[in-house]
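Number of protein chains: 2
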Amino acid sequence: MEKICPGVYRLRFGTPEEMTFTTFREYPAQSVGGDNPPPFIEEDVCFDTSIRGCALTLPQRGEVYGFGLQLRTFRHTLGKRTMRCNADALASNGESHAPVPFFVTTEGYGVLIDSARDVSFYCGQARPKGASRSHANAESSWAPEATDEAYRSELGSGEGRMRVEIPVAKGAEVYLFAGDSMLDAVQKYNMFCGGGCKLPDWGLGVWYRMYGASSAVDWVRFAKRFREDGLPVTVLGLEPGWHTHAYSCSYVFDDKRLGDHEEAFRQLREMGYHINLWEHCYTHPSSPIYEELMPYAGDHEVWGGLVPDFTLPEAREIYLRQHAALGADCFKLDECDGADLTGGWSYPDGAAFPSGLDGEQMHHLLGLLYQQTINQGYPDSCHSVRASGAMASPYPFILYSDLYDHKDFIRGVVNAGFSGLLWAPEIRHAKNLKDFVRRLQTALFSPQMLINAWYLKNPPWDQLIREKNNADEHMPEAAEALRMVKALFDKRAELVSYLERMYQQYHDTGKPVFRALILDYPQDEACQLIDDEYLMGDDYLFAPLTEESDTRQVYLPEGTWQRDGQTYLGGWHEFTCALDEYLLFERVK
Amino acid sequence: MEKICPGVYRLRFGTPEEMTFTTFREYPAQSVGGDNPPPFIEEDVCFDTSIRGCALTLPQRGEVYGFGLQLRTFRHTLGKRTMRCNADALASNGESHAPVPFFVTTEGYGVLIDSARDVSFYCGQARPKGASRSHANAESSWAPEATDEAYRSELGSGEGRMRVEIPVAKGAEVYLFAGDSMLDAVQKYNMFCGGGCKLPDWGLGVWYRMYGASSAVDWVRFAKRFREDGLPVTVLGLEPGWHTHAYSCSYVFDDKRLGDHEEAFRQLREMGYHINLWEHCYTHPSSPIYEELMPYAGDHEVWGGLVPDFTLPEAREIYLRQHAALGADCFKLDECDGADLTGGWSYPDGAAFPSGLDGEQMHHLLGLLYQQTINQGYPDSCHSVRASGAMASPYPFILYSDLYDHKDFIRGVVNAGFSGLLWAPEIRHAKNLKDFVRRLQTALFSPQMLINAWYLKNPPWDQLIREKNNADEHMPEAAEALRMVKALFDKRAELVSYLERMYQQYHDTGKPVFRALILDYPQDEACQLIDDEYLMGDDYLFAPLTEESDTRQVYLPEGTWQRDGQTYLGGWHEFTCALDEYLLFERVK
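From first to last, the protein sequence lines are chains A and B. Numbering follows this note's numbering, with no gaps: position 225 of the first sequence is 225. Numbering follows this note's numbering, with no gaps: position 413 of the second sequence is 1002.
These are computed hints drawn from the structure, not numbers from a lab. Here a beta-carbon is modelled for each residue, glycine too, at the ideal position from N, C-alpha and C. Among the hints, a few may not be true.
So the derived list for chain B, only partly shown, Cβ under 10 Å to chain A, looks like this [as the list claims (entries may be wrong)]:
#, residue
1, A678
2, A680
3, K718
4, E1114
List of simulated lysine-lysine pairs, DSS-like, C-alpha gap at most 27 Å [said to hold, decoys possible]:
#, chain 1, residue 1, chain 2, residue 2
5, B, K759, B, K592
6, A, K170, B, K1080
7, A, K431, B, K759
8, B, K1080, B, K996
9, B, K1020, A, K431
10, A, K431, A, K457
11, A, K407, B, K996
I would like the entire structure built from these sequences, with the hints used as guidance.
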């Protein structure tokens, strides 16, 4: 066992693969918190190899959380979770477009399995045969009223074992983070990655992605209208239509259709906007860099385009050269996750890249490598990305998804904080005004307040129904909607300096800005399953409402909390909110 | 290339694994149809190995169907499908509780990749880099109105290549089925497996699974009531409650709770019923066979129970010995698929079995091996099972699922016929009477008409709402419901002799009884996406209705069809049906 920094240890089993997450580290590991002894030692771990790869059995104590951006599950104890990159992760099986082989437990330690493979975690199952022999006299618990109970009855508490299966590899390095607390274990992981990211003030403001078929003239019109309506939008995003070829990408402005984009950019900047450009990294044959990139790309195409091997400096240099003159402030890195549902596109797991990575590994690393590349060309910015993994904490990239359930999106905010990720519960469409406003409230109190109106000709608050919107037909509640939108945008603008401070703290100490309650209150059993409210920085707790109901239960952890001048003690409380109200609580110190 | 029988060929690449689907063949391969040349030859296939396993690139012609029980997708062309056994397969990614690495195309050939691994098929993607170089001048097709188009635009037609990735293995045998037609290719596959299964008349009748908490006296009461109401139920099923311990299983009657089950069985038989018993194969420590089974079980437990290695004659013998005296006619083999969602239970992929199989392989084989075991003890019967795979055609086992969407269930009937599987769109609950009756109509014209009322104290036609049902409260439409139920049960009873003949044909020629239209009409492009109607034997076409609408479009293939005395020619027709009507068409010869 090797000590990396105070409270952080590395164990090495067998012969680890050459290229893993830490191989691509750009920032030195930093330290935070106490110099604690490791949660377990090498001798406590069983390691074996097989033709399938290798497996570790680790001691397991406490309830398990983490594994990256999990939209469908929160507590992972007793579950099986496989780290597999998938844009359309519908099941509670660990798949995600940002899976991270890192978990943390309520007992205050974290574990990173440093492998860019489809690692499976059996969190408290996988008991050896005979382990239950002594249960021979157990009473049957089955009844038709309680199948879930039956399923779980024999799972026990996990009996202190977690099995980790790593495909292909014949060994792995395992990092242990021995926290002063659960939160400190997460902070140690983030600092080990190089510290949390900082976000610029404009990146913390309000983002608006414009209609994909709009032209340069339309952008300026939008921008003016937002200012006329007093809406503090800070970033305008251009969707695929800006490329001469989008699937795959040319990275060339289609000025024939757009008009003079440079003049438009100049005007947008004058009005104080920052500009975001959509892209993915699959490079179309019509792109000026296609032939040059060819030797530094994987052996398979995606949508007819090359897949750059961003581990190679040459690939980064060629790619960034084409990006240097685009005149944007930041990018939206789409489609880098790969998808089974959306047409089955992606490079195969068995693809080969010039660096020696295969497709399975690249699916885990592409998000990180792509972030590093763009961050190199556009540092100190704030970008969007659709795939991430381990070691991503220092990069100012915010995740988003094509999935859309509001409760899943809230869970995303809660879960991302366990593993050094940021998540935007973006707004694209809404069933009705209530759904729209409730989603907007969640977005307001999230890492990124983003409206992605790529298929709406007019802002969604003019008209929520797509067909009517695109026919320039306003909805009856449009004026009322604008009023509420403005109030929420203004609130976000007001929050920016607080969030800046909190991100500075994230950067310096690794303390996530958005956190599950359990992370700060691991001893409070009530918090173990709370995946629909969260802490925002040091001072606030937010409990989102959804369009399902204006009434909800809120759990406040120990201490005193304040809202609208009223004071609440820890415990469960019920609240009912009008549509223009929300449940933000301030901690009374 | 080796010829196995007329029109069936075997290709061998690299060093195949020792244990695959064909290793466990119990019936000799038989032949049917013409002695056609192979659809492609060894030289047309690229084969390579890597540390991940191996990959094949096959020529691909025509539209692709099959891959076992796929509930979410129908045509697989351009998709990625991974054969992974999962009870809760929510995505269109190939996962299924009965994945089969066999596909068939509209060009009249089928391919079986004989591997019990999580094989991935890239059905027309996975193009090598540079393949799209000539598209440099292509116009961009992206527009916000047509993202799906954008996703697909560069996928092309597949350009004649299918990549198949096999994990772990350094080789594989591939079987080619050169059909006289698409249907003949499927028949050749079924005959290669040993022929289609036969089903006894009682198995083709109406199945009813009784309330799980019911006792021996309740069973007899149910049985009498069905007869009094004139309902031709042929099989009564007992759910988990019959075991002294159910999760995992003891295989011992809990007579303390049940009362005299033997006397009840005698009475049920007298009334003409057959008896079905629920179980899974995970053997609880309290089971009399636990200690004896120990050496023949895998190294991991499931729900505290042993996982028998049914490749071993000893395991089969011990297991069947405990089953010999149970007095049942047939079994329901539950939970043998493993589930990520339902609590994450199962043995890990890296589990080791005494035969040398690992967990990944066992996930593919357990369904088949378990069927073989029970079929050995209870031959010429008709059972239920929740997992299956390749080579299963000769076994009289019908699949079911915990998923429940009606349209998925219809698609299951349509898809199962491509790969030698049978599927029961069972009825458990319903939103309302219409949903119940429409589902019952689908079940009536399916491989198995099964009502699984395991959590309802009274029959669902008394009361559809669970709480009210269990409080003995009848719904207002109960009498009307019973009338419709009786009519549909009677229709099933009337169909039995026709179905028996069709299953005899399936047995003798491999021709599936329930078939997608595309299977009989591969040249008819309209059939390529029709996954909501199907052929039943030689004479009928059935187009189910769901509770969504009483009106639907029905496509009739070329020829003349008859319904209610009216005649229809091939093409699209619209029909509206009252709740007690359905859309069954008879072919006019």
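Verification of the supplied hints:
no. : hint                  : verdict
1   : A678                  : holds, 8 Å
2   : A680                  : holds, 5 Å
3   : K718                  : holds, 5 Å
4   : E1114                 : violated, 20 Å
5   : K759(B) with K592(B)  : holds, 23 Å
6   : K170(A) with K1080(B) : violated, 60 Å
7   : K431(A) with K759(B)  : violated, 51 Å
8   : K1080(B) with K996(B) : holds, 22 Å
9   : K1020(B) with K431(A) : holds, 23 Å
10  : K431(A) with K457(A)  : holds, 18 Å
11  : K407(A) with K996(B)  : holds, 26 Å
Hint compliance for this structure: hints 4, 6 and 7 are not met, and every other hint is.
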